[in-house]
Amino acid sequence: MLHIVVCIKQVPDSREIRIDPATNTLIRQGVPSIVNFYDLHGLEEALRIKEETGARVTVVTMGPPPAEKSLKICIGLGADEAVLVTDRGFAGADTLATSYVLAKTIEKVEQEWGKVDIVFCGKQTLDGDTGQVGPGIACRLDLEQLTYVSEVKQVNAEQRTVQVGRKLEDGIETVETRMPVLITALKELNQVRRASLPGMIRGHRYKPTVWTTADFPDLDRARIGLKGSPTIVAKTWVPEAKSVNCQWIDGEDAQAQANQLYDGLWDADLPARLGWVQGGASHG
Amino acid sequence: MAEAVQEQAYDWSEYRGVLIYVEQREGLAKPVSWQLLGQGRRLADKLDTQLFAAVIGAQVEHLAQDAVAYGADRVYICEAEELRDYRTRPYSRVMMQLIEEVKPEIVLFGATATGRDLAGAIATHLPTGLTADTTELDVEPDPSRLLLASRPAFSEKMMATILCKQYRPQMATARAGVFEALPRDNQRSGEVIRLDNRMQEEDIAAKVLDFVEDQASVNLEEAEIIVAGGRGLGGPEAFRLLGELAAAMGGEVGASRAAVDAGWIGHEHQVGQTGYTVRPKLYFAIGISGAVQHTVGMSNADCVVAINKDKDAPIFQVAHYGIVGDLFQIVPALTEEMKRRKAAGMQAMHEEGEVGA
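Listed in order, the protein sequences are those of chains P and Z. For what it's worth, the working numbering labels the leading residue of the first sequence as 2, then goes sequentially. For what it's worth, the working numbering labels the leading residue of the second sequence as 76, then goes sequentially.
The set of hints was computed from the structure by calculation and includes no laboratory data. C-beta: ideal position from N, C-alpha, C; glycine also. Wrong hints could be hidden among the right ones.
[Claimed, not checked] Cβ-to-Cβ under 7 Å is the rule here; a few derived chain Z residues that face chain P:
#1 85
#2 205
#3 392
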């Protein structure tokens, strides 16, 4: 049976974050915590593979203790086991330190529940927006790496291959590779199910496995948390809207306005700059 | 003593130069590659160092010349049949080898699917710090020579400047459309150095089976004219009017997030937050109120024309020309007048041509 690990993160719903105009700081109060929604698409795909070919699905997250809530949601949706990796020492991690801890976690998951065949991550997180943790984990565990996946076309458990569609800026690429593989999920990948009532009850009662630094005897302390993070935030600021001098086009009807606007654009030599006419302004 | 250790000065004198990854598909470079060479040139000049480009693929020799014309002092090129399609392992192998030999102090990639895939793998291998999706890139001069990599955070509501002090090279991916390419200069000269590909096909598990180009592909990033609509359009029908204006001008149709979220038009048209960052010569913002999430994606346009019912809409603060009124009247008038003027312009060009002949 395949063993699939899904990495998730509990994040503040950054769409709900506002800036305090007086202090120019983030107002975090009252901002709901959610499961990073790209991660849920990864979980959904893992659950579909489980239903089609049979698989064990283990969800892992690194975060503070309240992140347990997100793991319970994943169990409610149908995951088999969930692991919370939490420790003050992990705080302040950038993507490099995060992928180190998650890679160590997946290694430990393998020791506990068996060899991992597929790892799902979201394309990126809502709060970090980097998309770097997935490739980081793949690199550390020497997994094949398939990012920006919009369709899982085939999972062949016997031949240990997967075939996916990757959505790039200009089209869709079909790639096949071998397991073990790490896949990062786009929202186009699938539609996330709703938890059933028995599922929700199971999630509610479920106690995730909790691991701290003490559970990783060979963890290199210099590579975790703030200390293990090469990038530091030097400053933050609220961007000021660029302000330009607006010339009002106030002709009395639409035709007059069109003429007035285009006269302005023609005077600014736009037709030449756009290559509609050769050289300078055509009239004049 | 302990404090002295903490604020240890690093000796990075071995690491010099700025390296740009030139992304391509089938020998066609992504515009972000030349934009990054432009910005890389500015950074390299400020650091008084060299600008390098990395070109990887099959039959991509012409791109080495292009990279020089767009500002590179030296181009490293690795060509092999195994490198025809982008795949993480062989490409990251070449880049790792290059970075270890050349020791650049800064390495930049486009924040595209490929650029992010590749940079994420390399930064972990090295290891070093990697800043994602930057929209501002600057450097501190000697002695720190730090890359000041700034990016939007928290759904574009804030900007953050990120540094990597303890590792080299400093790496970042950068958004397409933000930085300006240098004008192409075929007179520029530069060195081209060939690298060996050390990976055989049998060692590469990933096989690219096919690539289907997006048929309804909108090319916002390269568009010179964009006619964009927002919530004020009131529904999908009005996008037809915008499409007619765009067609008359030879432009593309863009949209704000509100219009995309409402399902009036596809995500591939979205400008701004979680959409495209564009820098056309002419941008029409029609029925778009102008939230910062939108304006971060379009305020680099040379000329912005805003059309809105509400004269207090923030979009007018970033507009060069503002029209307050009913878009259903104004847009068709603009389309007709544009057709008339373009026809007249063609006529004039034609006549000039005859006079010259």
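To see whether the hints hold, each was checked on the structure:
1. 85: violated, 12 Å
2. 205: holds, 6 Å
3. 392: holds, 5 Å
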